[in-house]
Every structure is written in structure tokens, then in C-alpha cells.
Amino acid sequence: MKTLSSLYKKDTENEIWIRENYQGIPYNDGDDVENRIKEILQLCENVDVYSKELKEHCINWPQTYHFSPERSNILRPFGDQISGKDVLEIGGGCGAISRYLGECGANLLTLEGSIRRASIARERTRDLENVTIVADSFEGFEVEKKFDFVTLIGVLEYANVFSGNENPIKYMLDKAKSFLKPDGKLIIAIENRLGLKYFAGAGEDHIGTPMYGIEGRYKSTEAVTFGKVELKNHLSASGFESVEFLAPFPDYKFPSFILTERALELSRFDSKVFPVLCSRRDALLPRITNFNIERVWEYIDSNGLTLDLSNSFLCVGRLEPTNENYNSPIAYSYSMNREKKYCKEREFFSQENGEIFTTVKFPFHDEGEVNENSVVELITIEDQEYKNGNLLILEMIKVVTDNRLSKEQLVSFFERYLKIIGLESGIPYNYMNVDTLLPGDLLDAIPQNIMIMGNDEYSIIDKEWIYKSELELGYLLFRSIISIVNVVTKFGMPEELHLRTVRDFVFYIFKVIGFSINDEKYNSYISKEKKLRQSITGCNAFNFSDEVQLVFKNSSDVVSESIVYQVHNHFETKSQYEIEIDALKAQVENLKLSIDTINNDREFLLKSIETIMGSLSWKITMPFRKIKSIIFNKR
Numbered sequence: 000m001k002t003l004s005s006l007y008k009k010d011t012e013n014e015i016w017i018r019e020n021y022q023g024i025p026y027n028d029g030d031d032v033e034n035r036i037k038e039i040l041q042l043c044e045n046v047d048v049y050s051k052e053l054k055e056h057c058i059n060w061p062q063t064y065h066f067s068p069e070r071s072n073i074l075r076p077f078g079d080q081i082s083g084k085d086v087l088e089i090g091g092g093c094g095a096i097s098r099y100l101g102e103c104g105a106n107l108l109t110l111e112g113s114i115r116r117a118s119i120a121r122e123r124t125r126d127l128e129n130v131t132i133v134a135d136s137f138e139g140f141e142v143e144k145k146f147d148f149v150t151l152i153g154v155l156e157y158a159n160v161f162s163g164n165e166n167p168i169k170y171m172l173d174k175a176k177s178f179l180k181p182d183g184k185l186i187i188a189i190e191n192r193l194g195l196k197y198f199a200g201a202g203e204d205h206i207g208t209p210m211y212g213i214e215g216r217y218k219s220t221e222a223v224t225f226g227k228v229e230l231k232n233h234l235s236a237s238g239f240e241s242v243e244f245l246a247p248f249p250d251y252k253f254p255s256f257i258l259t260e261r262a263l264e265l266s267r268f269d270s271k272v273f274p275v276l277c278s279r280r281d282a283l284l285p286r287i288t289n290f291n292i293e294r295v296w297e298y299i300d301s302n303g304l305t306l307d308l309s310n311s312f313l314c315v316g317r318l319e320p321t322n323e324n325y326n327s328p329i330a331y332s333y334s335m336n337r338e339k340k341y342c343k344e345r346e347f348f349s350q351e352n353g354e355i356f357t358t359v360k361f362p363f364h365d366e367g368e369v370n371e372n373s374v375v376e377l378i379t380i381e382d383q384e385y386k387n388g389n390l391l392i393l394e395m396i397k398v399v400t401d402n403r404l405s406k407e408q409l410v411s412f413f414e415r416y417l418k419i420i421g422l423e424s425g426i427p428y429n430y431m432n433v434d435t436l437l438p439g440d441l442l443d444a445i446p447q448n449i450m451i452m453g454n455d456e457y458s459i460i461d462k463e464w465i466y467k468s469e470l471e472l473g474y475l476l477f478r479s480i481i482s483i484v485n486v487v488t489k490f491g492m493p494e495e496l497h498l499r500t501v502r503d504f505v506f507y508i509f510k511v512i513g514f515s516i517n518d519e520k521y522n523s524y525i526s527k528e529k530k531l532r533q534s535i536t537g538c539n540a541f542n543f544s545d546e547v548q549l550v551f552k553n554s555s556d557v558v559s560e561s562i563v564y565q566v567h568n569h570f571e572t573k574s575q576y577e578i579e580i581d582a583l584k585a586q587v588e589n590l591k592l593s594i595d596t597i598n599n600d601r602e603f604l605l606k607s608i609e610t611i612m613g614s615l616s617w618k619i620t621m622p623f624r625k626i627k628s629i630i631f632n633k634r
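Here numbering that gives the first Met the number 0 is used: the first residue of the sequence shown is 0, the next is one more, and so on.
In silico DSSO-like links for lysine-lysine, alpha-carbon gap of 30 Å or less:
no. : residue 1 : residue 2
1   : LYS169    : LYS180
2   : LYS360    : LYS84
3   : LYS174    : LYS9
4   : LYS360    : LYS527
5   : LYS84     : LYS227
6   : LYS467    : LYS520
7   : LYS174    : LYS231
8   : LYS84     : LYS169
9   : LYS144    : LYS180
10  : LYS406    : LYS271
11  : LYS37     : LYS343
12  : LYS467    : LYS360
13  : LYS386    : LYS397
14  : LYS37     : LYS9
15  : LYS51     : LYS462
Have a look at the derived ranges for each label pair, beta carbon to beta carbon:
no. : residue 1 : residue 2 : range
16  : ILE380    : ASN522    : 31 to 39 Å
17  : ARG18     : LYS467    : 54 to 62 Å
18  : ASN522    : GLY388    : 31 to 39 Å
19  : ASP30     : ILE608    : 53 to 61 Å
20  : LEU3      : ASN59     : 33 to 41 Å
21  : ASN370    : TRP60     : 28 to 36 Å
22  : VAL484    : GLU264    : 28 to 36 Å
Simulated from the structure, these hints should not be mistaken for laboratory data.
Note that this is a predicted model, so its numbers are computed, not measured.
Glycine is no exception: its CB is placed at the ideal position from the N, C-alpha and C atoms.
I would like the entire structure built from these sequences, with the hints used as guidance.
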């Protein structure tokens with residue numbers, strides 16, 4: 000096998016290595032999209048994982064996908080292991096993961112089949128000398144070096160598309176394995192064909208059609224995903240002796256939480272809250288789902304099916320059997336869409352006695368200047384006690400997702416919540432109104448951060464921020480309501496049929512609990528929240544739209560929109576079939592032309608034979624041919 004330097008030539012214009020005469024693979028996000036991605040990178044001074052400039056450009060799906068710092072979360076559990084190691088990234092795309100691996104200090108070789116995307120990945124890693132970008136097909140790629148890590152992040156599913164091999168999946172896994180050192184690891188991130196969101200109506204990620212993967216409608220030349228058992232069997236068939244699964248939520252593209260198999264087995268660890276809190280963050284979730292995903296996860300968890308129905312898999316394959324490391328984290332939580340100095344990593348550990356504890360890191364807290372205009376101050380507590388109980392927001396989810404939205408239940412819930420705020424602030428519940436001023440350290444005292452451990456016992460967890468000014472109770476209530484809106488897919492039908500938008504819902508809750516607000520007060524809450532988000536993220540990332548339509552159960556709007564959605568999908572399927580029919584018709588026409596050509600050739604040959612046999616020379620030489628035939632027969 001030849002070395003990389005002799006097989007590939009340096010493209011000095013794009014600063015990538017490329018095989019001679021290589022033309023690239025037919026895969027891209029569109030010319031305009033990819034050219035824009037490269038243009039943005041060229042215009043930005045800072046292109047690191049946490050770049051403010053790039054976050055400002057996260058305004059649509061392609062740019063968010065390529066620029067968001069959350070993309071790298073999928074490999075953060077391995078960050079410390081990767082430093083100083085030899086890493087082969089197969090399918091580097093536009094360099095989002097490449098950038099992270101390079102910043103971790105890996106000796107990185109990135110393979111990308113598209114020449115343009117390889118050049119974009121180089122632009123993203125332009126200041127990292129430890130990163131080498133190669134443009135070549137996976138089948139054609141050769142290198143003598145062995146690696147500590149090989150990654151297939153969103154790549155294995157495309158094996159059928161770009162390989163002419165009889166068994167593309169096995170071929171890709173076998174070849175990836177051949178690049179590993181004996182103690183190396185193959186890291187795979189891929190969608191789960193049986194992920195819960197697909198049962199809820201989300202389109203298959205590569206085809207776009209709902210139920211496509213679940214019903215097994217993949218064609219032999221299409222991208223294909225797998226369930227847990229299928230994927231494990233593929234890895235075992237390629238000789239991986241040890242296979243570890245982790246569940247990223249909401250999916251592997253932008254994971255906020257990553258759970259290990261151990262986490263899902265421990266009775267003292269409440270694993271259900273992670274998928275519940277982030278289900279709505281999935282950008283590819285349809286507006287109207289078949290059921291309330293946030294309610295279903297609790298029962299999936301209690302039946303031990305969380306990993307089997309997770310929307311994606313993070314998978315680690317090893318060539319040799321390995322013993323489980325009980326000192327390693329059981330779960331990970333990441334808050335990376337922030338100002339760099341505020342980025343937070345949380346790890347959960349299980350002790351020998353079964354107790355859970357957490358560590359919190361702010362890796363870059365000492366970097367960057369203090370923003371004097373920030374409305375908050377960070378609380379940097381590195382170790383925190385793990386609390387067992389039920390998050391208050393889980394109770395609220397059940398209240399607002401009943402078939403009917405009950406005023407009585409809403410009043411009861413918020414009365415309980417406000418009494419907790421009263422105990423924390425020293426202000427009796429009966430004396431509260433929207434203008435009541437609270438201590439700034441109650442900014443995070445919203446239902447998703449309140450753990451109920453008994454009838455009268457509670458704890459406020461995950462307190463990160465202190466509001467620099469006094470905190471209005473009305474603003475805290477506004478934050479609590481918005482936090483609920485952000486996790487619920489479908490609300491129960493309200494008695495007030497005019498209730499439609501987020502704004503309507505906020506006013507409705509205030510009215511139900513006896514706290515009246517006007518437009519001026521409401522707009523002030525939105526303004527405060529925008530300033531808060533800007534202080535935390537460092538950019539204008541909070542695009543709050545209070546006119547967003549909520550989805551209510553059994554409403555005529557939902558039914559009609561669901562029908563429209565189904566009709567749209569039928570038309571898409573019809574269009575796909577029409578394209579296939581047109582292609583088949585073209586093949587038929589080509590075959591007809593071929594048949595006509597063959598018939599014409601046949602007629603020409605028959606006429607030629609007839610002409611030859613009728614010629615004088617043929618008749619004169621006939622006796623000689625008969626004599627020749629007799630002689631050959633006697634032999």
C-alpha cells in the first residue's frame with residue numbers, strides 16, 4: 000500500500016490532498032448553499048467551534064447544521080481520549096466535526112468524497128496544522144497509517160449510495176476496521192430506524208417521507224438506517240468483539256444529552272427527564288405529531304425501551320473484548336450554544352453504593368472579557384448533589400396535555416409553584432402580584448429546575464444565573480410558561496376557543512391565576528428575555544415569535560392541517576412514482592430503439608446473405624464447397 004504523499008497530490012489552491020484525476024462524488028447540499036457556507040467562512044475572522052461570527056449566521060437549517068457549536072457535542076464524551084491521538088474522520092462534510100477534533104488536539108486525517116466540501120472543511124480548519132484534508136472516495140482511499148479512532152458520523156447510512164460492492168454496509172465496516180490499531184475504536188453516529196419521533200410522524204431523515212424507514216421501504220441504492228439489534232449484528236459480522244451503545248437526545252446532530260446503557264439501568268438515575276425536556280428541540284420534528292412525545296418517554300423508560308426507541312445511536316466498536324469502566328460517566332449534559340466562557344459540560348457518575356453525583360465544568364470560564372452590559376452573572380458551582388424526585392415541569396406537562404385544558408388544574412399547579420417561590424423569597428403567596436420584586440438568584444426557579452421530593456419537600460436545581468437587577472414575579476412567570484411551551488407538542492383543548500398563539504396562552508395563564516397583565520407589561524417581558532439570551536449566547540440568537548400557532552388536541556385546525564399534511568405526502572409520493580414511471584418509459588423507448596436497430600441489422604444481414612447466395616461466384620464455387628465438406632467429414 001502506498002503512502003498518502005505518493006498517492007495524493009497537494010491542491011495548493013484549496014490546501015487539500017487529492018488523488019490525480021479524481022472527480023468527486025455526486026453529493027452536496029446544493030451549489031448555492033455550499034458556496035454560501037464557504038463564503039461565510041472566508042469572511043469570518045474566527046472559525047472555531049464557539050465562533051460568535053458563525054453563530055450569527057445560524058439563521059436557516061443548512062447554516063445551523065454546519066456552524067452550530069452543538070454539532071460537536073456528539074464527540075464530547077471522547078474529547079479527553081482523543082487529545083494527541085491519531086484520528087481518521089470518514090466523511091468530513093464541511094468540517095464542523097473536523098474543527099472540534101482538531102481543537103481537541105487530535106492528529107486528524109479527514110476524508111471527504113466531495114472536492115468542494117473538502118475545500119470547505121479545509122477553510123473551517125485553516126489555522127489547524129494538525130488537520131489534513133483528503134478528497135477521495137471511500138472505496139479508492141488508501142493509507143498505510145493505523146489510527147486510534149475512526150469516525151463514521153452520519154456516514155454509514157450512505158454506504159448503499161456510493162458503493163458498488165455487493166454488501167456495502169459490511170464493506171464499509173470492514174474497511175473502516177482495517178484502519179484501526181489493535182486497541183482502536185470505531186465511533187458511529189446514525190439515526191435509529193425505529194426512533195420514537197418516526198412513529199410520531201417525523202419524515203425519514205434522508206427520504207423525507209413519514210414511516211419510510213419504519214415500514215422498511217428502503218431501496219437498494221438509497222441511504223438506509225437500522226434498529227439497535229440490526230446495527231449491532233452488522234458490527235459483529237465485521238469482527239467487532241465489543242459494541243457499546245449510547246443514546247443522544249434529541250438526536251445525534253444536535254445532542255444536548257447523551258445517556259449510556261448503564262444510566263438506563265440504574266434505578267436511582269432518572270433517565271426519562273432527558274428525552275422529555277429536549278424532544279421539541281428536534282428541528283426535524285413535524286409541527287403536528289401523532290401523539291405527545293413528551294408524555295410517552297416516561298413509559299418507554301419504565302419498560303426499559305429508551306435505547307431501543309432513541310432517535311439516534313452513538314455507537315463504539317472495539318476489536319477486542321473490554322471490561323466496563325465503572326469510573327466513567329454514565330451520562331452527559333451539554334450547554335454549548337452560549338458565549339464561550341459560559342459553555343457548560345455536566346457529567347453524571349454512579350458510585351459503588353449506587354448514589355449518583357454530578358460534576359460541572361466551565362472549560363473556558365477564564366477566557367474572554369467580562370461583558371459589562373450583561374444582565375446576568377454566572378454561578379460556577381463545579382460539583383453538585385444529584386437530587387432524586389420528580390421535576391415539577393413533568394406535572395405541568397400532564398396538566399396542559401390532558402384532552403381538555405382544565406382551569407382548576409392550572410390554578411392548582413401555579414398556586415403550588417408560587418408557594419415555592421414564596422418560600423424561597425420570603426414573600427407570602429397571598430401578597431404576590433406581577434410587580435412583586437424577587438431576589439435575582441431566583442431567575443432559574445422555573446418548573447423544569449424544581450425537584451419535588453415529597454409533599455412539602457423540594458429543591459431548586461441547576462441554578463446557574465443571578466439576575467443583576469431585582470426580578471419581577473411576572474417576568475419569572477413568563478419564563479416558566481415559555482419553558483412549558485418549549486417542551487409540549489400538543490396542548491389540551493381549552494374552553495376559550497380563541498386561544499391559538501403563544502401570546503394567547505401566556506395571557507390566558509396569567510388571567511386564570513388572577514394576575515392580569517397588559518400589552519406593555521407583556522412586551523417588557525419579551526424585551527427582558529431577549530437581553531437575557533443575548534447576554535448568555537453573545538449574539539442575537541433569541542428570535543422569539545409570540546404569534547407561533549400552538550397545536551391543540553382534536554381541534555378542527557389540527558384535523559384539517561393533518562389532512563393537508565397527509566395529502567401533501569401523497570402528492571410527494573405520487574410525484575416520486577411519476578418520476579420513476581418517466582424513467583421507465585425512457586428505458587422502454589431506448590429498448591425499442593435498440594430492437595429497431597437489431598431488426599434493421601438483421602434485415603441487412605439477411606439481404607446480404609441472399610445477395611451472396613444468388614451471385615455467380617457463389618454458384619461456380621458450389622462444387623468445391625461440397626468436395627471440401629466431404630473431405631472434412633471423412634476426417
